[in-house]
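Visitor: Chains as they are written, first to last, in our numbering: chain A, 1 to 237; chain B, 1001 to 1359.
Treat each hint with caution, since some may be false.
Result set (PhoX-like, lysine-lysine): computed pairs, CA atoms no more than 25 Å apart in a straight line [what the hints assert, rightly or not]: (1) A:K61 <-> B:K1011; (2) B:K1137 <-> A:K183; (3) B:K1174 <-> A:K173; (4) B:K1232 <-> A:K228; (5) B:K1046 <-> A:K165.
Now the stretches of chain A that chain B is said to cover, found in silico as 3 or more residues with beta-carbon under 8 Å [said to hold, decoys possible]: (6) 9-16; (7) 73-81; (8) 155-163; (9) 201-215.
Sample of chain A residues with no beta-carbon within 12 Å of chain B, all distances over it, derived [unchecked claim]: (10) A20; (11) C21; (12) T28; (13) A33; (14) K43; (15) F101; (16) K173.
Hints are computed from structural coordinates only; laboratory data are not their basis. Glycine included, each C-beta is placed from N, C-alpha and C at the ideal position.
So the chains spell out like this:
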Amino acid sequence: MGRLFKKLTQDVRFIEGLKACLNCGTCTAICPAAEFYDYQPRKIVDILQTHDDDQIEALLKSETIWYCGECMSCVTRCPRGNAPGLLITALRSLSQEMGFFIESEKGRQQLAIKRTVGEWILNYGYCLYPSLIQPEMHPEQGPVWEWEHHNLSEIMDRLGANYQKTGPGILRKIPREDLDEIKRIFDETGATERFAKIEEFSKKKAHEMNMDFDESMDNEYFKHIYNKTEKDHIREK
Amino acid sequence: MNIQGKRNIWKDYQKEIATNRYFYVRSCVRQNFFPGSEKAFLRILKDELSRDVYENASHTTCSGIGYHSDIIPFETAMTMVARQFALMTESGYENFTTSCITSFGLYSEILETWHHFPEVEERIREHLLRATGRTFKKPANLSHASDVIFKFRKEIAEKAKHRLINRKTGNPLKVVEHIGCHYSKMFPSKGIGGAEYPYVLVGMIEEWGGEVIDYPERRHCCGFGFRQYLVKANRGYSLACSKKKFESMAPYKPDFILTNCPGCPMFLDRWQYALSEMEGITYGENGFGIPVLTYEELAGLVLGYDPWDLGLQVHQVTVDPLLDKLGVDYDPSAKFTGKNGIDLGKPEPPSFLKFYQNE
């Protein structure tokens, strides 16, 4: 048993997610990602069952593990009670812990998620916050969101929200002491460490790719990973 | 819909739902995109049904979107959830009700994990105590807010101002129901009706007079996929999933889509707009889209609430034709106004998707 495989076996999600796979392919048949991307959850489980560290390292550095949408449709249907979607969560955690995520285009996108959702949790107490959902980053949100975004306080007030105010209610301002508790939970349980690793490895990769990198969302590397597709990931029809 | 086989399945998936004294936690997505829905949920429970629902101002995200986009470690997500349980315990409640399906799935996953790995629960208790000084009891009952509305569907029907009947034809409205994946795909026993044919929304539609459409891609994901939407470069995945569903449901001519997850209605609403801009396709009648409702919005309409109090003006697919079918009395000129009728201008009409009724 190799070092990487051993690390995986220490993750409860790995223990719960992989009992014994007979490679029937039911997970691939039900998988929305397999329909869109060049992706087969069956193959991932097959590789994991080899316990082979070289193959697992290649997987952790690949695009493949980032194609899953974690909808968990595979969990319902697996005839052996495996959970390929849960194995993906364990693989993605290990890929980030080892710094392997920067070796794939889709893995590098973790920085964009950390700097949006991750920072928003720490600063606002929720994964999303309306003033930060910029119409230019979200053209699919359409003209109604653009109208709403321009009139946010008035519309939230009209709909009975407690937007940016104290006390309970929709989109209330989360008290400082509660945000401090979240930060201490992040420090205690590994999120702060993961965020630091995402930043550190991303900075290194930006340098390697010869791209500007700073702490904002307005630098060459961030805009590249958020907007650009470098190669074809789509399943051949 | 051939119903008999499904009724047999539903019998196997019954679930206990608390009848009163709920500790309510809000949803990241629903607060942003459907604030009127959370408002309506509390109004229905408190004003119509005289139930005790408590919200603690110190509660926060469970971090579920961060967890499922893999920036948040499982250890952190479990401790964030433990903090929510601690606030429930400190507030004197034991029935936990969540607005979000991602949260509901994550709470279920964590409680199952603690059941199978008690040493993990002990470790999380230590993390929480060190980080916050808090301790907690696990909920006696865990429900999603749609479970609670399902529980009271008959009481809501008794107070109904509108039934799901087309006022012009007298026929039941045809409804597509879409269940959030994390409601029961991971733990079928945690959802009303299981994972293959969930009953939670079907029960509301049937009780309020509508007809459920069975269609091939009924259980397919809306396409959120967490990182597949959060990063702009990946959104083709999300769009393709929704498109697959629209193509599959459109031949059955649904009057509207009903959802229980906060994310799904946003995607099923916005992707109809995006597809109309990209490919000129529209899926509803006369150039409109298929309206998409949350279960709180539907319950509110059934109870006769003002559609603009429910927030139906912030949908990109206009709901006005559906309001006409239901016979809802509404003021079109008040649709895009703020509090006390302040004029806020109007959204631009999309290029192809019909948005204003009298154009």
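Visitor: Does the structure break any of the earlier hints, and which numbers would those be?
Guide: 1, 3, 9, 13, 15, 16
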